[in-house]
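Asks: Can you make the complete structure from the sequences, with help from the hints?
Residue numbers (full-length UniProt numbering), protein chains in the order written: chain A, 1 to 328; chain B, 1 to 333; chain C, 1 to 330.
In case anyone wonders, no lab produced these hints; they're calculated from the structure.
Heads up, some of the hints might be wrong.
Sample of chain A residues at the chain B side, in silico, Cβ under 7 Å [unchecked claim]:
| id | residue |
| --- | --- |
| 1 | His158 |
| 2 | Ser161 |
| 3 | Val192 |
| 4 | Ser193 |
| 5 | Gln197 |
| 6 | Ala262 |
| 7 | Asn265 |
| 8 | Asp267 |
| 9 | Pro268 |
| 10 | Val276 |
| 11 | Leu277 |
Backbone N, C-alpha and C define an ideal beta-carbon position, used for all residues, glycine too.
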Amino acid sequence: MAVANTEHLLEVNNLKKYFPIKGGILRHTVGTVKAVDGVSFTVRRGETLGLVGESGCGKTTTGRTILRLEQATSGEVLFEDKDVLKASSRQMKALRRDMQIVFQDPYASLDPRITVGQSVAEGLVIHGIGTPKEREERVREVLAKVGLHASQINRFPHEFSGGQRQRIGIARALIMEPKLIVCDEPVSALDVSIQSQVLNLLRNLQREFGLTYLFIAHNLSVVEHISDRVGVMYLGKLVELASREDLFREPLHPYTKALISAIPNPDPTARRERIVLQGDVPSPINPPAGCRFHPRCWIARPICSEQDPEFAEKRKGHWAACHFAGEF
Amino acid sequence: MTTAPHRSTDPSQEILRVTGLKTHFFTDEGVVQAVDGIDIVLHRGETLGIVGESGSGKSVTSLSILRLVSRPGRVVAGTVFFDGVDLLTLNDEEMRTIRGNRISMIFQQPTTALNPVFRVGDQIIETLEIHQGLKGEEASGRCRELLAMVGLPDPNRRMKQYPHELSGGQCQRVMIAMALACNPELLIADEPTTALDVTIQAQILDLMRALREKINTSIILITHDMGVVAEMADSVAVMYAGQIVEYADVRSLFTDPKHPYTQGLLNSMPMLGHVRDELAVIPGTVPSLINPPSGCRFASRCSQRFEACDRDPAMLELAEGRRVRCWLYAEKR
Amino acid sequence: MTTTSTALPHDEADQRPSESQMAIVLRRFRKHKIAMISIGVLAFFLLLAILAPYIAPYPRDTPNLAGRTLPPFSVDRDGGFHLLGTDHLGRDYLTRLLYASRTSLGTAIFATVIASSIGIVLGMLAGYFGGWVDIAISRTLEVVASFPTLPILLILSSVAVQNINAIPIPGFLNAFMSWAFAVTERESRIIFMIIVVLALLGWTGTCRLMRGMVLSVRENVYIESSRALGASNIRIMARHVFPNALPPMIVDFTLSVNGFLVAESAISVLGFGIQDPTPTWGNMVNFAQSFMFQHPWMPLIPTMPILLCSMAVNYIGDGLRDALDPHQRA
Numbered sequence: 001m002a003v004a005n006t007e008h009l010l011e012v013n014n015l016k017k018y019f020p021i022k023g024g025i026l027r028h029t030v031g032t033v034k035a036v037d038g039v040s041f042t043v044r045r046g047e048t049l050g051l052v053g054e055s056g057c058g059k060t061t062t063g064r065t066i067l068r069l070e071q072a073t074s075g076e077v078l079f080e081d082k083d084v085l086k087a088s089s090r091q092m093k094a095l096r097r098d099m100q101i102v103f104q105d106p107y108a109s110l111d112p113r114i115t116v117g118q119s120v121a122e123g124l125v126i127h128g129i130g131t132p133k134e135r136e137e138r139v140r141e142v143l144a145k146v147g148l149h150a151s152q153i154n155r156f157p158h159e160f161s162g163g164q165r166q167r168i169g170i171a172r173a174l175i176m177e178p179k180l181i182v183c184d185e186p187v188s189a190l191d192v193s194i195q196s197q198v199l200n201l202l203r204n205l206q207r208e209f210g211l212t213y214l215f216i217a218h219n220l221s222v223v224e225h226i227s228d229r230v231g232v233m234y235l236g237k238l239v240e241l242a243s244r245e246d247l248f249r250e251p252l253h254p255y256t257k258a259l260i261s262a263i264p265n266p267d268p269t270a271r272r273e274r275i276v277l278q279g280d281v282p283s284p285i286n287p288p289a290g291c292r293f294h295p296r297c298w299i300a301r302p303i304c305s306e307q308d309p310e311f312a313e314k315r316k317g318h319w320a321a322c323h324f325a326g327e328f
Numbered sequence: 001m002t003t004a005p006h007r008s009t010d011p012s013q014e015i016l017r018v019t020g021l022k023t024h025f026f027t028d029e030g031v032v033q034a035v036d037g038i039d040i041v042l043h044r045g046e047t048l049g050i051v052g053e054s055g056s057g058k059s060v061t062s063l064s065i066l067r068l069v070s071r072p073g074r075v076v077a078g079t080v081f082f083d084g085v086d087l088l089t090l091n092d093e094e095m096r097t098i099r100g101n102r103i104s105m106i107f108q109q110p111t112t113a114l115n116p117v118f119r120v121g122d123q124i125i126e127t128l129e130i131h132q133g134l135k136g137e138e139a140s141g142r143c144r145e146l147l148a149m150v151g152l153p154d155p156n157r158r159m160k161q162y163p164h165e166l167s168g169g170q171c172q173r174v175m176i177a178m179a180l181a182c183n184p185e186l187l188i189a190d191e192p193t194t195a196l197d198v199t200i201q202a203q204i205l206d207l208m209r210a211l212r213e214k215i216n217t218s219i220i221l222i223t224h225d226m227g228v229v230a231e232m233a234d235s236v237a238v239m240y241a242g243q244i245v246e247y248a249d250v251r252s253l254f255t256d257p258k259h260p261y262t263q264g265l266l267n268s269m270p271m272l273g274h275v276r277d278e279l280a281v282i283p284g285t286v287p288s289l290i291n292p293p294s295g296c297r298f299a300s301r302c303s304q305r306f307e308a309c310d311r312d313p314a315m316l317e318l319a320e321g322r323r324v325r326c327w328l329y330a331e332k333r
Numbered sequence: 001m002t003t004t005s006t007a008l009p010h011d012e013a014d015q016r017p018s019e020s021q022m023a024i025v026l027r028r029f030r031k032h033k034i035a036m037i038s039i040g041v042l043a044f045f046l047l048l049a050i051l052a053p054y055i056a057p058y059p060r061d062t063p064n065l066a067g068r069t070l071p072p073f074s075v076d077r078d079g080g081f082h083l084l085g086t087d088h089l090g091r092d093y094l095t096r097l098l099y100a101s102r103t104s105l106g107t108a109i110f111a112t113v114i115a116s117s118i119g120i121v122l123g124m125l126a127g128y129f130g131g132w133v134d135i136a137i138s139r140t141l142e143v144v145a146s147f148p149t150l151p152i153l154l155i156l157s158s159v160a161v162q163n164i165n166a167i168p169i170p171g172f173l174n175a176f177m178s179w180a181f182a183v184t185e186r187e188s189r190i191i192f193m194i195i196v197v198l199a200l201l202g203w204t205g206t207c208r209l210m211r212g213m214v215l216s217v218r219e220n221v222y223i224e225s226s227r228a229l230g231a232s233n234i235r236i237m238a239r240h241v242f243p244n245a246l247p248p249m250i251v252d253f254t255l256s257v258n259g260f261l262v263a264e265s266a267i268s269v270l271g272f273g274i275q276d277p278t279p280t281w282g283n284m285v286n287f288a289q290s291f292m293f294q295h296p297w298m299p300l301i302p303t304m305p306i307l308l309c310s311m312a313v314n315y316i317g318d319g320l321r322d323a324l325d326p327h328q329r330a
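Replies: Below, the structure written as structure tokens:
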């Protein structure tokens, strides 16, 4: 993809992450799980790119590999034109100030033995920013930004509800004044009424600080709500990428269409066409030949089982990997 | 508004009537009033959705009906009349003949609800042997029939497989097959699709709908997903902090929610195809059930709160099958 | 509609006192009655051990051949009262027992400190880094753990006792040991060697437990979260892994004290280990064996503290385990 790089904060090119499967007495490699298998996309400054897909599609691994929490097998991740995957450990530490992550499980992502204040301040301590007094000041500021009371600074994570903990997680990332935040299923562990609090918070923070989000989720309604552009993943590959409006109004890939139609509609009067996909998602150890979706696809033709469709721009700004994109 | 249930239910045929059910948990920290006065009426062939957030008491309600609440929890008050018999007065032996036979249950985690060391077929056959007294070829024949009914191709091979060889969706199909093995009159499904992916959820919901038509069982569907309720239920009970705050047929609930909590819940959900800039927010969090606030339990988070809310609101019947626990409607009457 | 985050619903300031996890654990521990009694029992013996030189009614080693194997509550020819009688050399049994509590408990505690330190450090490294570090440590551990402990202990301790200069001990360390155990430097050498032998064979359980804990703690998202903030391995280990892996190690520590107490008694009862004139509960039982039938109180009296302390430490371990169990946390 030829791009004008000033506009792009993050560029991911042909990213691959294979996990070896060890087996046998000698623990040698007996196979590989192709969790992410050649994913390319760009994230523009200040936008939210949503990444959706079902479990095992590689969306979370993609996010983690971009942040080098997982070592990529191959590919390129350019953050402001610097290759993250090739950065030395010192360069990486500097890059980490700009690239943050918010995790899914608010119960597991906070160390239960340190106070909220210490937890939020951790990034500042690691990077040697400010005096203890200044840090505490910053922590209070940031806690207020995420809607927590500064009096809660000395409390421990177990004293907070799921939604409050997720705000603490956001504060932890926010205090570094990052440019990019990877939100890995940030609301899927939360109750509906709490979910909207956190979604609104994320959006307000984005506006206030000009943040860029890579928003990973399995819930399409949530992704539609928060994203400017949306990418759909299936079995380690990106199958469709478009602006939110285009993707939801006029999906080109049959998987996207099925995914959208599968969502239960909270409106008992609405009766709409439903495409129920048959079968399960195949194993990423031995993905089907050709198009990976063809065994479950209702518009598949012989070519689909032979040739892997190219991820191409079918319409302006609307990419899809399908031989018969939009031909339903 | 006239109610238009999906299918014909016979109001004269009540299968389940729960009255004043209270289940409390006696913990070191205090008494958790997990379920605090629940009334439910379920007719034959009806699907009742119970929605609520975590900690609202919806799962404890279902466990209480089946008398599966374990220590330190205990049903402290109420009656559960199933087909004219109060389940709470039965002895353990009598209860066992009802559980898994006339009332069966599907759980959220299909992969852990099956015993990993036994073959799938043997687990279904065991149910058939215990409750229906089927033996040998008769039992395995019925087992094949059930597996085919829940849409698992090649039942002979499936019967010989172990749970870990099945995917989550397949496990849930097996659970449904087990639950339906004895043609139960009541099926309690506790978040049956929450652990599944959307495309698999769509399959399972389809299956449940088809089976419901076929065997006309009553269903209590417990879920936090308003979408699932809208698609599956005839009537809905919305639970909040251990109490039912609104009870309605599914259409009225979604088109004309009465309780501020229901309204807030519906407005705070991102809905596909209706992008809003800002989602409505229910501020605060669910109150502790150890010492729940006196008066209306939702009052501290309610935008329409007024003086009366300091007192406990009673369940008001607005119309036939339309009840709400809120002072706003008491004023209007 | 405002778009600043100040429009967010702020949580109300809440004024409940904050309670750390340690505070919760202590509160829960206090409810464990037997464990609380056990703490009292253990504290009693520790106090005796510490105060031994001050409260002992007689000199430790002065024999009195005229008043041997006197029963409890007897008065010797010189008019000296012996609350617990005298031993086979006529030394005051109570005095011996008081000093023995110092040796026995001290040996067990020192051995535990050394063994736990080795175990925790190696377990941490093996669990955290995995790979070759893990393989090297785990194989060593398996070799050590598969030694037949008691025979090895007996051989090593007898070598150590017969050749007290077998292990070079820095002077200051020996001086400290002799002060801590209130014994001569010659005696403290033997004690020290016994401690080292016990510790070198006794770290494997702790190491295995620590490795397992670190393996599970390491998988927590908050570890990853710190890494995403740029934290170094050392910081992650010290700040997050160690404190979270610690609770079961505290339980292990108490059980180790018990193990070493019993192990030291066992080798002493067999006549190896710490030698006369240094008293330990174990070697007091050993000497009393020959008089078991004529003077049954002689083996019985030093057995009681071994039994009581061992039970007490076990119950404290139990209480701690319950208090630390996350599944019981509401």
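Asks: Give a verdict on every hint.
Replies: Checked hints:
A least Cβ separation of about 13 Å between histidine 158/A and chain B goes past the 7 Å threshold, and the interface hint is therefore violated. Given the 7 Å rule on beta carbons, the hint for serine 161/A holds: about 5 Å separates it from the nearest Cβ of chain B. Because the smallest distance between the Cβ of valine 192/A and any Cβ of chain B comes to about 6 Å, under 7 Å, the interface hint for this residue holds. With a least beta-carbon distance of about 4 Å to chain B, the hint placing serine 193/A at the interface is held under the 7 Å criterion.
Contact between glutamine 197/A and chain B, as hinted, is supported at the beta carbon level, the nearest pair being about 5 Å apart and thus within 7 Å. At its closest, the beta carbon of alanine 262/A sits 4 Å from a beta carbon of chain B; the interface hint therefore holds under the 7 Å criterion. Below 7 Å, beta-carbon pairs count as interface contacts, and asparagine 265/A has one with chain B at about 6 Å; its hint therefore holds. Hint status for aspartate 267/A relative to chain B: holds, with the closest Cβ pair at about 6 Å, below 7 Å.
The closest approach between the C-beta of proline 268/A and any C-beta of chain B is roughly 4 Å, which is under the 7 Å cut-off, so the hint is satisfied. Below 7 Å, beta-carbon pairs count as interface contacts, and valine 276/A has one with chain B at about 5 Å; its hint therefore holds. A distance limit of 7 Å between C-beta atoms decides the matter here; for leucine 277/A the minimum to chain B is near 5 Å, and the interface restraint holds.
This entry does not satisfy hint 1, going by the numbered hints stated previously; all others are met.
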